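Construct the entire structure; sequences and hints are all you get.
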Amino acid sequence: MSLLKIRGLSVTFDTLQGPFKAIEDIDLDVEELDTLAIVGESGCGKSVLGHATMRLLDDIAVVRGSVIYRGREVYAMSRKELLEMRGKAISLVPQSPSASFNPVIRIGKQITELIEKAGVAHGMEAEQRALTYLEYVGFSDPHAIFGSYPHRMSGGMCERALIAMSTSTEPDLIIADEPTKGLDALSRKNILDMLHRMTAESSLIMITHDLKAAAMCKRIAVMYSGEIIEIGPTRVVLEHPVHHYTRGLIDAQPSRGMRPIPGRHTICSHKSEGCRFRDRCDRVRTECGRHTLLREIEEGHMVRCHYA
Amino acid sequence: MSQAEGKTRFFAGKVLRYGITLVIILTINFAIPRAMPGDPMINLLGDEAARIDNQILGELRAQYGLDRPIQDQYIEYMLGAGRLDFGYSIHKNLKVTDLIYDRLFWTLVLIFPSIAIGGLLALVLGAIAGFRHGSKVDRLLTGASILMYSCPSFLFAMIIVTIFSFHLGWFPLGNISSGRTQGFAYLLDIGWHLFLPVAILATFEAAYIFLIVRNSITQIMGEYFIFVAKAKGLSARVIELRHVMRNVLPQFISIMALNFGFMVSGALIIEIVFSLNGMGTLIYDAVMSRDYPVLQGAFVFLTIFVLAANFLADVLYGITDPRIGDSMSTGKMT
Numbered sequence: 001m002s003l004l005k006i007r008g009l010s011v012t013f014d015t016l017q018g019p020f021k022a023i024e025d026i027d028l029d030v031e032e033l034d035t036l037a038i039v040g041e042s043g044c045g046k047s048v049l050g051h052a053t054m055r056l057l058d059d060i061a062v063v064r065g066s067v068i069y070r071g072r073e074v075y076a077m078s079r080k081e082l083l084e085m086r087g088k089a090i091s092l093v094p095q096s097p098s099a100s101f102n103p104v105i106r107i108g109k110q111i112t113e114l115i116e117k118a119g120v121a122h123g124m125e126a127e128q129r130a131l132t133y134l135e136y137v138g139f140s141d142p143h144a145i146f147g148s149y150p151h152r153m154s155g156g157m158c159e160r161a162l163i164a165m166s167t168s169t170e171p172d173l174i175i176a177d178e179p180t181k182g183l184d185a186l187s188r189k190n191i192l193d194m195l196h197r198m199t200a201e202s203s204l205i206m207i208t209h210d211l212k213a214a215a216m217c218k219r220i221a222v223m224y225s226g227e228i229i230e231i232g233p234t235r236v237v238l239e240h241p242v243h244h245y246t247r248g249l250i251d252a253q254p255s256r257g258m259r260p261i262p263g264r265h266t267i268c269s270h271k272s273e274g275c276r277f278r279d280r281c282d283r284v285r286t287e288c289g290r291h292t293l294l295r296e297i298e299e300g301h302m303v304r305c306h307y308a
Numbered sequence: 309m310s311q312a313e314g315k316t317r318f319f320a321g322k323v324l325r326y327g328i329t330l331v332i333i334l335t336i337n338f339a340i341p342r343a344m345p346g347d348p349m350i351n352l353l354g355d356e357a358a359r360i361d362n363q364i365l366g367e368l369r370a371q372y373g374l375d376r377p378i379q380d381q382y383i384e385y386m387l388g389a390g391r392l393d394f395g396y397s398i399h400k401n402l403k404v405t406d407l408i409y410d411r412l413f414w415t416l417v418l419i420f421p422s423i424a425i426g427g428l429l430a431l432v433l434g435a436i437a438g439f440r441h442g443s444k445v446d447r448l449l450t451g452a453s454i455l456m457y458s459c460p461s462f463l464f465a466m467i468i469v470t471i472f473s474f475h476l477g478w479f480p481l482g483n484i485s486s487g488r489t490q491g492f493a494y495l496l497d498i499g500w501h502l503f504l505p506v507a508i509l510a511t512f513e514a515a516y517i518f519l520i521v522r523n524s525i526t527q528i529m530g531e532y533f534i535f536v537a538k539a540k541g542l543s544a545r546v547i548e549l550r551h552v553m554r555n556v557l558p559q560f561i562s563i564m565a566l567n568f569g570f571m572v573s574g575a576l577i578i579e580i581v582f583s584l585n586g587m588g589t590l591i592y593d594a595v596m597s598r599d600y601p602v603l604q605g606a607f608v609f610l611t612i613f614v615l616a617a618n619f620l621a622d623v624l625y626g627i628t629d630p631r632i633g634d635s636m637s638t639g640k641m642t
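Protein chains in written order, with the numbering used here: chain A, 1 to 308; chain B, 309 to 642.
The hints are all genuine.
In silico SDA-like cross-links for lysine to any residue, where the CA-CA straight-line distance does not exceed 25 Å:
hint	chain 1	residue 1	chain 2	residue 2
1	A	Lys109	B	Ala544
2	A	Lys181	B	Tyr532
3	B	Lys444	B	Leu431
4	A	Lys5	A	Arg79
5	A	Lys88	B	Leu549
6	A	Lys5	A	Arg70
7	A	Lys109	B	Arg631
8	A	Lys88	B	Met529
9	A	Lys80	B	Ile436
10	A	Lys5	A	Ser202
11	A	Lys117	B	Ala544
12	A	Lys117	B	Arg550
13	B	Lys400	B	Thr611
14	A	Lys181	B	Glu531
15	A	Lys181	A	Arg235
16	A	Lys80	B	Met529
17	B	Lys315	A	Phe146
18	A	Lys218	A	Gly8
19	A	Lys109	B	Met529
20	A	Lys5	B	Phe535
21	A	Lys109	B	Gln527
22	B	Lys400	B	Met386
23	B	Lys315	A	Arg106
Away from chain B, derived, C-beta distances all over 10 Å, residues of chain A:
hint	residue
24	Asp27
25	Asp34
26	Arg72
27	Tyr136
28	Asp141
29	Met157
30	Gly182
31	Ala185
No lab work stands behind these hints: they were computed from the structure.
This one's a predicted model, so the numbers in the text were calculated from it and none came from an experiment.
Glycine is no exception: its CB is placed at the ideal position from the N, C-alpha and C atoms.
Below, the structure is given as structure tokens:
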């Protein structure tokens, strides 16, 4: 049984310009101890996918499809079950580290409240656990960080504290949303190493636009305009990309000469007919106007393209 | 610079700044009557001045020290203000300070419960509306408080008096007590007399602070850390009480402190409607009878109250919001 099984997941936001489909018809499986990177440009729906997995968008969007965690439908869970699941079974490492902590509550308190809520430990024991995890993420003086307020810490320090918080309950699945965003090269490497070390006992979904960070995961899913357009083992996808968007994304990396993909990323997917990348694709043909599904082209490697 | 040292420096700087403000206000207070056209004695005596001969006017001037050079008058005035001594009331022939102390006491008796009840009401109703943003309850409460806030307090007070005191006779028409009781019965009597004025002041206070609390909650609910708290699986109650209200607190406490300063003079209308002998009626009577020493003294007292309330608001904000507290001790922001 998969740890997480997502089927036909769509999220539609009601905007002033009309309904906006942020993600559409997503199918995804995550196994125990699996590590999956979700990559794509800003606005392609990566974070929405992460949030919808935890059923965090109920109040602000229309969500259709199903998310099955260990055989249980997340979208059929009671309020109580849902609260129990969040932070304990599935834990989020949120993006924007400095904005993720409550500015008027000490870091230690914000970590212990999660540990206590998850029922992992209570009182002094919970505090001790928080200190231990702060030490794990490389703080030489965890007591100082425990008693500190978020504004006294740098972005990198907040990111580490967030990782400590999200892993302190030993969740089955960690969804890390852009953990390296806005960090310099050295801090980025530290954070990634730490994240992988801390998630050795868990499954990880890493949402990122940084292919180097993604390369540390076993599998990679490439998203474009709300759809997964290619998914497969990381080495296969990065070394032999099939979809033209994936190729473009790899070529746009600084190490590959930073060649931009022509055209503009259409984030609003009003046209659900046909390939969404066709306006920017240099291989576009008439068939591209027809909708296409993800097709398996080799073991575990799937692509959404008529010409794959 | 250590944190304690930084805090001391910060407070020293604050006290100095408030001191300078006070001196400037005292100076303006000294200058205004003297900058006005005409003779202060004639102003003081009004119509009678025409019938008094110049010699007596000169003697009166000497009695009030107005014949001396302006700098001597200023120094004497400032020394007097330093001792909170503003001389004698022209009309009541009492020491201005004694008069003010007596009136200030009753004003504080009126505004303390009003602020406490109003603030509590605002906090509870603001939370109810803020956490149900856009709901019927929210629209009803917000509409009512805007209506209340835009309604002139004297009109509202007079309507209330007409209904509850005049027609129904449930409460007295005015005054602080019936003056016939003693001991516990006296306190009850005061409570009965102050019920309507306190209720009206508390309602106005609540209407104003309600809007601040409600908007503050609405804004904080949209912050990213609230989303993160939801992702942590915290219950709605924990998020509301611990994460949202804790962030509303600094603003709430400082606005309460500021309001306290303004209420000392702001209760004027209510004091007049209910004929309560507080600071408001004292100032009103002093204006009517051109009792300048009383006016000057009352003005200085109000200034001190407003400045003290500002100072308190500053300090409480620093204590409840660590970001402000830190900038205080590092001196980055004051």
